[in-house]
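Trainee: Top to bottom, those sequences are chains A and B.
Take the first sequence: its position 556, counted from the start at 1, is 556 in the numbering used here, and no numbers get skipped.
Take the second sequence: its position 652, counted from the start at 1, is 1465 in the numbering used here, and no numbers get skipped.
It should be emphasised that the hints constitute simulated quantities derived from the structure, not laboratory data.
Treat the hints with care, as some may be off.
[As the list claims (entries may be wrong)] Mimicking SDA-like on lysine to any residue, the simulated pairs with C-alpha atoms at most 25 Å apart in a straight line are:
id, chain 1, residue 1, chain 2, residue 2
1, B, 1129, B, 943
2, A, 316, B, 922
3, A, 301, B, 1251
4, A, 602, A, 676
5, A, 771, B, 922
6, A, 316, B, 1344
7, A, 766, B, 938
8, A, 552, B, 1540
[What the hints assert, rightly or not] Derived list of chain B stretches under chain A, where covered just means 3 residues or more per stretch with a C-beta under 8 Å from a C-beta of chain A:
id, region
9, 1127 to 1139
10, 1248 to 1259
11, 1298 to 1307
All residues carry an ideal CB built from backbone N, CA and C; glycine is no exception.
Protein chains: 2
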Amino acid sequence: MEQAKQDFFVSAELLERMNAYWRAANYLSVGQIYLLDNPLLKEPLKLEHIKPRLLGHWGTTPGLNFIHVHLNRLINAHNLNMIFICGPGHGGPAMLANCWLEGTYSEYYPHISLNKEGMKALFRQFSFPGGVPSHVAPETPGSINEGGELGYALSHAYGAAFDNPYLIACCVIGDGEAETGPMAAAWHSNKFLNPARDGAVLPILHLNGYKIANPTILARMEEDELLQLFEGYGYRPYLVEGNEPEIVHPRMASILEQCLDEIKAIQHKARSGEALIRPHWPMIIMRTPKGWTGPKSVDGKKTEGFWRSHQVPLEKLAENPDHINLLEQWLKSYRPEELFDAQGAPLPELLELAPKGHLRMSDNPHANGGLLLRDLRLPDFRNYAVEVPAPGAVEAEATRVMGNFLRDVMKNNLDQQNFRIFGPDETASNRWSDIFEVTSRVWMEKILPEDTNLAQDGRVMEILSEHTCQGWIEGYLLTGRHGFFSCYEAFIHIVDSMFNQHAKWLKTCNRIPWRRPVASLNYLLTSHVWRQDHNGFSHQDPGFIDHVVNKKAEVIRVFLPPDANTLLAVTDHVLRSRNYVNVIVAGKQPEHQWLNMDAAMKHCEAGIGVWEWASNDRGEEPDVVMACAGDVPTLETLAAVDFLRRQLPDLKIRVLNVVNLMKLQPNSEHPNGLKDRDFDELFTTDKPIVFAYHGYPTLIHRLTYRRANHANLHVRGYKEEGTTSTPFDMVVMNDIDRYHLAADVIDRVPRLKNNAAYLKQMIRDKLIDHKHYIASHGEDMPEIQNWHWPYEAAEEVKKAQAIDISEAMEFGE
Amino acid sequence: MEQAKQDFFVSAELLERMNAYWRAANYLSVGQIYLLDNPLLKEPLKLEHIKPRLLGHWGTTPGLNFIHVHLNRLINAHNLNMIFICGPGHGGPAMLANCWLEGTYSEYYPHISLNKEGMKALFRQFSFPGGVPSHVAPETPGSINEGGELGYALSHAYGAAFDNPYLIACCVIGDGEAETGPMAAAWHSNKFLNPARDGAVLPILHLNGYKIANPTILARMEEDELLQLFEGYGYRPYLVEGNEPEIVHPRMASILEQCLDEIKAIQHKARSGEALIRPHWPMIIMRTPKGWTGPKSVDGKKTEGFWRSHQVPLEKLAENPDHINLLEQWLKSYRPEELFDAQGAPLPELLELAPKGHLRMSDNPHANGGLLLRDLRLPDFRNYAVEVPAPGAVEAEATRVMGNFLRDVMKNNLDQQNFRIFGPDETASNRWSDIFEVTSRVWMEKILPEDTNLAQDGRVMEILSEHTCQGWIEGYLLTGRHGFFSCYEAFIHIVDSMFNQHAKWLKTCNRIPWRRPVASLNYLLTSHVWRQDHNGFSHQDPGFIDHVVNKKAEVIRVFLPPDANTLLAVTDHVLRSRNYVNVIVAGKQPEHQWLNMDAAMKHCEAGIGVWEWASNDRGEEPDVVMACAGDVPTLETLAAVDFLRRQLPDLKIRVLNVVNLMKLQPNSEHPNGLKDRDFDELFTTDKPIVFAYHGYPTLIHRLTYRRANHANLHVRGYKEEGTTSTPFDMVVMNDIDRYHLAADVIDRVPRLKNNAAYLKQMIRDKLIDHKHYIASHGEDMPEIQNWHWPYEAAEEVKKAQAIDISEAMEFGE
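With the rest of the complex left out, here is chain A (with noise of 0.2 Å):
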């Protein structure tokens, strides 16, 4: 630990009028939990004054204002921009108490007026219904945290500061969310912030010492292990502890005075173009009590300094008028009258404390970051196409196809410094390495001779924590930048809870006028289910899919190009699109290429259509819809409909493929849905529907099930089999193979009823053929290898490789 500067001095004048301002935060936080009426305490307290439900967490909230007054001063002082990450969610008091102190809360809800008459709608609105949420909410000017579910405060924060050189992030974690994985894991972020090109980070550890109902780890250490720990993450931590808001305040003050000094210095050193190495960035380790200047114990029962201050210190009013002294008491602790004037607005001499206009941390545009969002400058995604001449014609890489075009992407954009790729040390196998040829990754530690693609200025994020690659694109989008997330598809699960709360975070923003829209969390999900049978079941998994589309149809958006072109579309489109969450799934292996870029554009904006080139019912009404949605259940399809055809000549098959698997919910479900009308035309009404999907199929069903024909359609995906094998083998084991999906069309059309036992006879053989073959060689046979689509001739594919959707329908509004 190192000693703060010691010649720093704030007058006492200034530190009591802050203490002041403290007061007055705190009061104002009590009277959200606690008061329905009376605010300015002018009468004696009656339990009529008080709300019927007590909700709230006191026990952070003055750790939390403490905090707040302090870097206001810093702010003022400095002329500083700087954003407040409050990762105490529950400290939602807090901040409210400081928007409405700084006259932001009032700027964005006239109604919460800077008065008396404001000051009880504050009070009343806190966690009452109609009002406003407990937590630091999208309804909080000056927030981009919730923190309702713990551990990714400092991920934010670390994204809201790259890229914004003079953003200072300052950042309250608590000692409870300490423990999660996600923030043990995001200290590590020094690594990859770079002095001369990024803001800083400032991070808070307040340890107030307990949980819910326990002390917490980091405040019951000892002091030594507790400094080694964040040494040994890299960090200066300085210690400011105290019970005795005497002996804090001008501790505090000196202690962040010495941390923007060595931030200044820092960014100063690495600006003026000496060579960098990774610098320790101060830190502040602050202990003080869990709900200071609370009651110091209710009931006979510590409380202040204790876990029992977590919540709401003094409960069951009616039950207990004592209790209502005792509140009125702790109110009047703070001494309002000295506070606020008989209007109930705070003393001016307060209201100068705060800093003035977009100084204000409750209305820092970066915590608006739709107001800062400018668009990206897209090359024509044409120009990246794959050249098709008949669909099959050709193999390629659909990852490595769009990691061309990121690289341009990438390109056209570093002046504006508005693009990262984010990813857990996946970027080159998810075949995205061309984006290396105009940026690398970002390095901050020791870079050796050998060493490839990595830069001190590199744009690509890559940790092997997928925690940290999302919290760090959450705060990087939500302050108004661009982004794509790449990962392996089974283990994006790891990032289930936090997909959660950011799309809950877009809803609630699409409610609030003020919040303007950000830039899509855009997910390309590769290595996926079909091609990880070299790596196993463990890798194994497409159900994040599922995951997504519990979450609210207007922020979500799943899609599943079939092949390159398709997923250049694709990508261009999220890469416009606001306030979404993009789920791609693609393939990073060489395969078949179905569409040239006409086609795939015309796919793309109708986002499901019939393959006419792959069908024979041209103008009449099919025997049999195979439909499929995924690059290895299109493959798969298309290779049965060959079998069938060369079986079964006069079979009329339509083969449907959905990109945009929104549209096969009702539009009264999704804003993307199909009407029953044009699904109905798709799908038919009466026809057997074989359905290869990429992930669980129940998922298909939970889709459609309102849909016409639903009772005819069946479904093929990932049943949960697996194992190391071969790619073909993976398919086979799920029944979502050529000879399972040929198979399950003849036992569906009733006229086939003569040919079905001698064809499935021949397909029980090819399946047996298939295990053997494997045994033996370890690879797929080569009749499966070799397979290519073998019909038509490239002039009239050209043709025919237009999509049948009467209507053009919208493209994933």
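Using the hints provided, position chain B relative to the given structure of chain A.
Mentor: Showing chain B alone in chain A's frame:
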């Protein structure tokens, strides 16, 4: 960093033999990755001896082999009971090689004998169709951690060590895995391990420097920071580093002796009754090259000691005949002729180095925990029943009643030391506080006088890290003990991916005869979506059930007991079950109680049933079926029935309650599923069904879309609407309240057409009254708060509480 004890000496002869053993393991590892035939290289290596598809991860393997031979020496020298948790799961070849060398593999899999034929079979099966996975999978004897998804090795190791005082769980952690959040949090597990009662965990952090394509953070940090980090975590780290085996061997041997000495000293002190303070357990940081002993460079590119060694260093052997020569040289560099006899068996002087019998890490029974599993001594759960003289006559907090039962489960098994409770700081919040009458939270840090329910020998495991809780309980169960994990419903998504991996593990174990069944992983999800009105939107998410049902039906069970007595019956059941993941969702707030214990038992046995006492269709066809699953949906359904019966006395309503959600699926899909005949009897084949479900409504459609009456099924549930509000407002926002349910019935029963307009207006008025009331009072209307079930006198109900399900069905086998 401490110095190793100076006086320890391993003879040069022994070190030489250990090095030979290591060479043998490395040879066998390379052989598995590459060879189909010619296992002993008796003839020149040719392309046809080599697998056509090269799969596997060489990079981490030699390090694992190195550690293994050293642990074997330690086990032999001190007769240790040790298991090996292999974090780098990709190091499968190493674990398989050692298992074969120890003879275990041939005992479990006789066709993989300890000779040339066996060696060939060992090589061939690796990552080969019909063979074994490339990871340390359930198929691998000695394993309890697959390692395919990274981050869980250390919490598994601690889980294994709890209550196993004579076990040492040696845990190798890769430096990639060390970047993950779950791992970063798990280091703090040392604050919960009691050396007097528990075994030891010896972490070996293996810094091989690189991930797939990147350096690792921990390997590139300055050494002083690295050591500070782990000292800060509370360990005593010892460095073992080098490239040259002749230097690293003696260092590793002496450091291991040092660590064992320290472990023994800690345990001796703790067990001789000295007052405990949390000790600084030793750990090893081993820094050796990635792909150690492999090709130094390939095609002019650095390979050994670099990320290019991660998977298969020499690739495309068909195209590069030169690589075949390199491979042969590499294999021969281990001098196989000095390691194996002419028949291919390892030489006796090598075999001597392996421990014998259960001392072999590959055959330690703790890694096949079912062998050690003893049943819990369960008290009769009926003794904890809530007295329910009539449905709705009393209120109770269901999870508190459960906690009362669990207290005695804990008490009855204190001497067996095989039951623990896990959860993130929520045991008291979730109303299990009765457990604290017989045990405390375990806590090895300082305990202050004001602390409550903290003790060094506590059996309640609380850390604010769902990941660590999940890892601990998995490790505890897989080594043959019992546990229960309680969690806020919304935040259990944090461990979605860990659940996935555990469910996959269990499914695979079901197919391995020698894997003995282990106790089920039991979740209580409470503080659920409908009673998080006070904590707001971020705390409202019932989607874990959807996630769970994607996994194999044979390993997952979901229960939604509607009251305390049904919760007791379900709790007893899950504690007796084996090899499942049981998810129980139940509320903790005071709620109406419906069933006395007899009725509850019958209801839970059936899993689903008509509630005769709430229905008025006796003996007749109903007009409508009102189904419900979950405590709050049950309450709202019964209140809707009350409303409808008052307004429409002639309406015939059948009330159906679902406890075991899997009953809804066809029995072809889930072993608990109802036969169609039984389903149709309950739900009718043609009457409208209004189903109030706890979670996202689509799940009910997904489970029932094949049922005859599915077209008439209308489901209400959570539709992702919520904020901080009142309990009743939560159900209103999601249209699952009594009034919406009543309106749904009115809309669907044709003969109510005449009453519809009048009743719908009454319902609208009631909902408007509700809105107004809560907006002014901040709590629910008295008519909502005080509603109770008004029908039937106590006498006749006693009979009517019986469940009408003609044939007794199995209780969730």
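Trainee: For every hint, state whether the structure bears it out.
Mentor: Now for the hints, and whether the structure bears them out:
1. B:1129 - B:943: holds, 23 Å
2. A:316 - B:922: Answer violated: residue 316 of chain A to residue 922 of chain B is near 66 Å, above 25 Å.
3. A:301 - B:1251: Status holds; Cα separation ~22 Å.
4. A:602 - A:676: holds, 21 Å
5. A:771 - B:922: holds, 22 Å
6. A:316 - B:1344: Roughly 19 Å between the alpha carbons, so the hint for residue 316 of chain A and residue 1344 of chain B holds.
7. A:766 - B:938: Roughly 23 Å between the alpha carbons, so the hint for residue 766 of chain A and residue 938 of chain B holds.
8. A:552 - B:1540: holds, 21 Å
9. 1127 to 1139: Violated, because only 0 residues of the region 1127 to 1139 of chain B bring their Cβ atoms closer than 8 Å to Cβ atoms of chain A.
10. 1248 to 1259: With 4 residues close enough to chain A, the hint holds.
11. 1298 to 1307: Held - the region 1298 to 1307 of chain B has 4 residues with a Cβ nearer than 8 Å to chain A, which meets the minimum of three.
The structure does not agree with the numbered hints 2 and 9 stated previously, though it agrees with the rest.
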